[in-house]
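Participant: Use the sequences and the hints to build the structure in full.
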Amino acid sequence: MLGTGILKGLYVTAKNLAGSYHDPERLTTIQYPEETAHIPENYRNYPFLVFDGAEAVAGLRCTACKMCEKECPPQCIYIVGERDPATKKMRPKVFDLDISVCMGCGICVEVCPFESIKMDQHFEVAATERFEELLLHREQLAKPDSYYHKIHPTEAAVSDGVLAAEKRKAEERAAKAAAAAAAKAATPPVPPTTASGEPVSA
Amino acid sequence: MTVDSYTALAKHFAAIVAETTTPTGAAAPAPFLETLPADVLNWVVNFLPDDAHWLRWFLTSIVAIVAILTVFGLTFAFLTVTERKLLGRFQNRYGPNRVRIFGVRVFGFFQPFADAVKALTKEDIVPTAADKVLHLAAPAATVAFSLLGFAVLPYGRHLTALAGMDAALLYFFAAGAASELAIFMAGWSSLNKYSLIAAMRALAQLISYELPLLLVAVPAVMVAGTLSLSGIVEAQGGWLGGVVPHWNIFTPWGFAGAIIFYIAALAECNRCPFDLPEGESEIIAGYLTEYSGFKYALFFMGEYFGMAALSGLGVALFLGGWQAPCEFLQFVPSYVWFYVKLVVVILSFMWMRATLLRLRMDQLMRLAWKCLVPLALVNLATVVFWERTAGWDGPALQAVRWLAALALVVVPFVLLGKTLSAGFGPRKYRYA
Numbered sequence: 001m002l003g004t005g006i007l008k009g010l011y012v013t014a015k016n017l018a019g020s021y022h023d024p025e026r027l028t029t030i031q032y033p034e035e036t037a038h039i040p041e042n043y044r045n046y047p048f049l050v051f052d053g054a055e056a057v058a059g060l061r062c063t064a065c066k067m068c069e070k071e072c073p074p075q076c077i078y079i080v081g082e083r084d085p086a087t088k089k090m091r092p093k094v095f096d097l098d099i100s101v102c103m104g105c106g107i108c109v110e111v112c113p114f115e116s117i118k119m120d121q122h123f124e125v126a127a128t129e130r131f132e133e134l135l136l137h138r139e140q141l142a143k144p145d146s147y148y149h150k151i152h153p154t155e156a157a158v159s160d161g162v163l164a165a166e167k168r169k170a171e172e173r174a175a176k177a178a179a180a181a182a183a184k185a186a187t188p189p190v191p192p193t194t195a196s197g198e199p200v201s202a
Numbered sequence: 001m002t003v004d005s006y007t008a009l010a011k012h013f014a015a016i017v018a019e020t021t022t023p024t025g026a027a028a029p030a031p032f033l034e035t036l037p038a039d040v041l042n043w044v045v046n047f048l049p050d051d052a053h054w055l056r057w058f059l060t061s062i063v064a065i066v067a068i069l070t071v072f073g074l075t076f077a078f079l080t081v082t083e084r085k086l087l088g089r090f091q092n093r094y095g096p097n098r099v100r101i102f103g104v105r106v107f108g109f110f111q112p113f114a115d116a117v118k119a120l121t122k123e124d125i126v127p128t129a130a131d132k133v134l135h136l137a138a139p140a141a142t143v144a145f146s147l148l149g150f151a152v153l154p155y156g157r158h159l160t161a162l163a164g165m166d167a168a169l170l171y172f173f174a175a176g177a178a179s180e181l182a183i184f185m186a187g188w189s190s191l192n193k194y195s196l197i198a199a200m201r202a203l204a205q206l207i208s209y210e211l212p213l214l215l216v217a218v219p220a221v222m223v224a225g226t227l228s229l230s231g232i233v234e235a236q237g238g239w240l241g242g243v244v245p246h247w248n249i250f251t252p253w254g255f256a257g258a259i260i261f262y263i264a265a266l267a268e269c270n271r272c273p274f275d276l277p278e279g280e281s282e283i284i285a286g287y288l289t290e291y292s293g294f295k296y297a298l299f300f301m302g303e304y305f306g307m308a309a310l311s312g313l314g315v316a317l318f319l320g321g322w323q324a325p326c327e328f329l330q331f332v333p334s335y336v337w338f339y340v341k342l343v344v345v346i347l348s349f350m351w352m353r354a355t356l357l358r359l360r361m362d363q364l365m366r367l368a369w370k371c372l373v374p375l376a377l378v379n380l381a382t383v384v385f386w387e388r389t390a391g392w393d394g395p396a397l398q399a400v401r402w403l404a405a406l407a408l409v410v411v412p413f414v415l416l417g418k419t420l421s422a423g424f425g426p427r428k429y430r431y432a
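Just so you know, the protein sequences line up as chains A and B, in that order. Under my numbering, the first sequence is numbered contiguously, ending at residue 202. Under my numbering, the second sequence is numbered contiguously, ending at residue 432.
No wet-lab data here; the hints were simulated from the structure. Keep in mind that a hint or two might mislead.
Computed list of chain A residues with no C-beta within reach of chain B, every gap over 10 angstroms [to be verified]: (1) V12; (2) T13; (3) L17; (4) T28; (5) G104; (6) C105; (7) I107; (8) E166; (9) E172.
Taking lysine-lysine and the PhoX-like style, the derived pairs with C-alpha atoms no more than 20 angstroms apart in a straight line are [unchecked claim]: (10) A:K143 <-> A:K93; (11) B:K132 <-> A:K8; (12) B:K122 <-> B:K132; (13) A:K15 <-> B:K193.
Here are the computed distance ranges between Cβ atoms for each label pair [unchecked claim]: (14) B:L181 <-> A:D23: 44 to 50 angstroms; (15) B:Y94 <-> A:E124: 53 to 59 angstroms; (16) B:A114 <-> A:H137: 51 to 57 angstroms; (17) B:Q363 <-> A:V12: 17 to 23 angstroms; (18) B:L120 <-> A:H149: 51 to 57 angstroms; (19) B:V106 <-> A:E41: 37 to 43 angstroms; (20) A:K89 <-> B:A114: 55 to 61 angstroms; (21) B:Y94 <-> A:G81: 50 to 56 angstroms; (22) B:E280 <-> A:V158: 47 to 53 angstroms; (23) A:V101 <-> B:N92: 36 to 42 angstroms; (24) B:K370 <-> A:D23: 37 to 43 angstroms; (25) A:E82 <-> B:F102: 49 to 55 angstroms.
The beta-carbon is built from N, C-alpha and C at its ideal position, and this holds for glycine as well.
Facilitator: In C-alpha cells, the structure reads:
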C-alpha cells in the first residue's frame with residue numbers, strides 16, 4: 001500500500017534515535033580533545049631524532065653525517081656538525097627540520113646508517129606563526145628511545161637488532177684487534193728475513 | 001470625525017480590551033495558573049487610567065506582541081539546536097554538544113547564542129547587481145509575514161492575542177500566503193539564476209500545497225460551524241468516558257485530514273522532503289544563495305516561525321488545541337497543553353526530515369495535484385456524511401456510520417495509491 005515504505009523508514013530512524021541513547025556502540029564519533037583515535041603503528045608524519053640515556057641532546061645517536069640532509073627530497077633538513085672535544089666524535093651542533101616543508105616520505109629514515117632519525121606520530125602541530133614555530137630544532141626533535149618503542153614497537157625491535165648486530169660486530173672487531181695486538185705483543189718481533197727466506201745471519 | 005464617532009471608537013477599543021483581558025466562560029473558579037497570563041495583562045493595563053481606551057488597547061497589543069516574540073523567539077532558538085541534536089541521534093551521531101558559557105556545558109544547548117553571535121558578526125554581502133532595497137526587505141518580510149499567523153492562534157483557554165477575530169482561519173491563510181511573496185522577493189532581488197529558479201520552484205510548490213491545506217481545514221470549520229480558531233478548539237471539548245478526547249483527529253475524516261494537513265504543512269514550511277527551494281545539492285542554497293550573516297539567520301527564523309504557526313494551526317484544527325487529552329489532566333493549564341502538542345508536532349517534523357529523501361519537482365507536483373487534492377475533496381464528502389448522520393442513535397447505527405466513514409477514507413486512498421504507484425513497483429536491477 002502507498003505509504004508503507006515511509007513507515008518502515010520512520011521505524012529505522014526511530015530505532016537509531018532510541019539506540020543511540022542506550023547503546024554507545026552505535027555512536028561512531030570520537031570526541032576529539034577528550035579522546036583520540038587509535039593511530040595505526042605504521043602511521044608517520046615527520047621525523048624525530050632518537051637519543052639514548054637520560055640527556056636529550058648529549059645522548060643523540062646522530063653523528064651529523066648529513067646523509068639525510070643530502071637525500072631529503074624537499075630539502076627540509078639543515079645540519080651543522082661539530083666534534084665533541086671529550087669523545088672526539090661528531091655530533092650535530094645544529095639540526096633543524098622545517099615541518100611545513102617536510103612531506104613525510106621517510107627517505108631520511110631509510111638512509112640513516114645510525115638508526116638515529118625515525119618517523120614521528122605527533123600530529124597536533126598547530127602554530128600561531130608560519131616560520132619560526134614550524135622550524136623544529138634538535139632540542140625539540142630529540143626524543144628518547146622508549147618513545148620510539150612506544151609508537152613503532154615492531155620497527156623499533158628491528159632497529160634494536162641492527163644496533164645490537166653492529167655492536168657485536170664492533171666488539172668482535174675490537175676483540176680481534178685486541179687479540180691481534182696481544183699476539184703481536186706476545187711473540188717476539190719477527191726477525192728480518194732475506195728474499196730467499198733464510199734468516200739473515202748476523 | 002465627530003465626537004460621537006470618537007466615543008464609538010473608544011467603546012470599540014474598550015470592548016476589545018475587555019474581550020482579551022477578562023476570562024470568559026469559566027464555570028468553575030479558574031485555577032490560579034490558568035488565569036495567570038490574563039491576570040498579568042490586567043495588572044499591566046490597569047496602570048493606565050480607565051478612560052484611556054486607545055492607550056489601553058495599544059498597551060494590550062504591545063504586551064501580546066512582546067509575549068509572542070519572547071516565547072516563540074526562544075522556542076526558535078532552542079528548536080534549532082534541538083533539531084541538530086535530534087538529527088544527529090537519528091543518524092547515530094552526537095550532534096552539537098561543545099558550546100559552554102562560563103564553563104557550563106548543558107549538552108551544548110547554548111549553541112543558539114553562539115550561532116547568534118556568529119550570524120551578527122559575519123560580513124553582510126550584497127551582490128553588486130542585486131536590487132538592494134528588495135534584497136534587504138526580503139528577510140524582514142519573511143519574518144514579519146510568518147509572525148502574522150501567531151495573532152489568531154488560541155494558545156490557551158483565555159489566551160488568544162486577537163480573540164475577537166471571527167475569520168481567524170481566513171486571516172491565517174491570507175497571512176501565510178504572503179510569505180510566498182517574501183521568498184520571491186529574495187529570489188528575484190538576488191539576480192542569481194539559482195535564486196530565481198528556487199524562487200519559482202518555491203512559488204509553484206507553495207501555491208500547489210496551499211490548496212490541500214485549505215481543503216482539509218474546511219471540514220473542521222464545517223463541524224464547528226465557525227471560522228474562529230477558538231471556536232473550533234472549543235467544539236473539540238469533552239471526553240468519551242473521561243479518557244478519549246473528542247478531538248477531530250479521532251474521527252475518520254479528521255484522521256485523513258490531519259495526515260493530508262501534515263504533508264501539506266511540511267511542504268508549506270519548505271521542510272524535508274519538500275525542501276526543493278533550498279535544495280543544496282542542486283541549486284546551491286536556493287533563494288538563500290546570496291544571503292549571509294544576519295539576513296540568512298532571519299530567513300531561518302522566518303522559516304521556524306512559519307513552522308511553529310502552521311503546527312499551531314494543525315494542533316488547533318485536529319489535535320484539540322489547548323484541550324487536555326484526558327479529563328483528569330485538566331489541572332495542567334491549557335496553554336501548557338497547547339505548547340506540548342505544538343512541540344510534539346514540530347519534533348515529528350524533524351523525524352520526517354531525518355527519514356525521507358527530497359522529492360523531484362515532478363514528483364512533488366504529482367503528489368499535490370493527483371493525490372492530496374483528490375483525497376482532500378473526498379474528505380469533504382466524508383465530513384458531510386459524518387455530519388448528516390450525527391443524529392443516528394444506537395450502537396448498530398453508530399457502527400454503520402463509523403464503517404461507512406472509514407470506507408470513504410480508506411477505499412479512495414487504497415485505490416488512488418494503486419493507480420498512482422502502478423508501474424513504479426519494486427525496481428529490478430539490470431546489470432549495466
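Participant: Which of the stated hints cannot be reconciled with the structure, identified by number in ascending sequence?
Facilitator: 1, 2, 3, 4, 11, 13, 15 and 16
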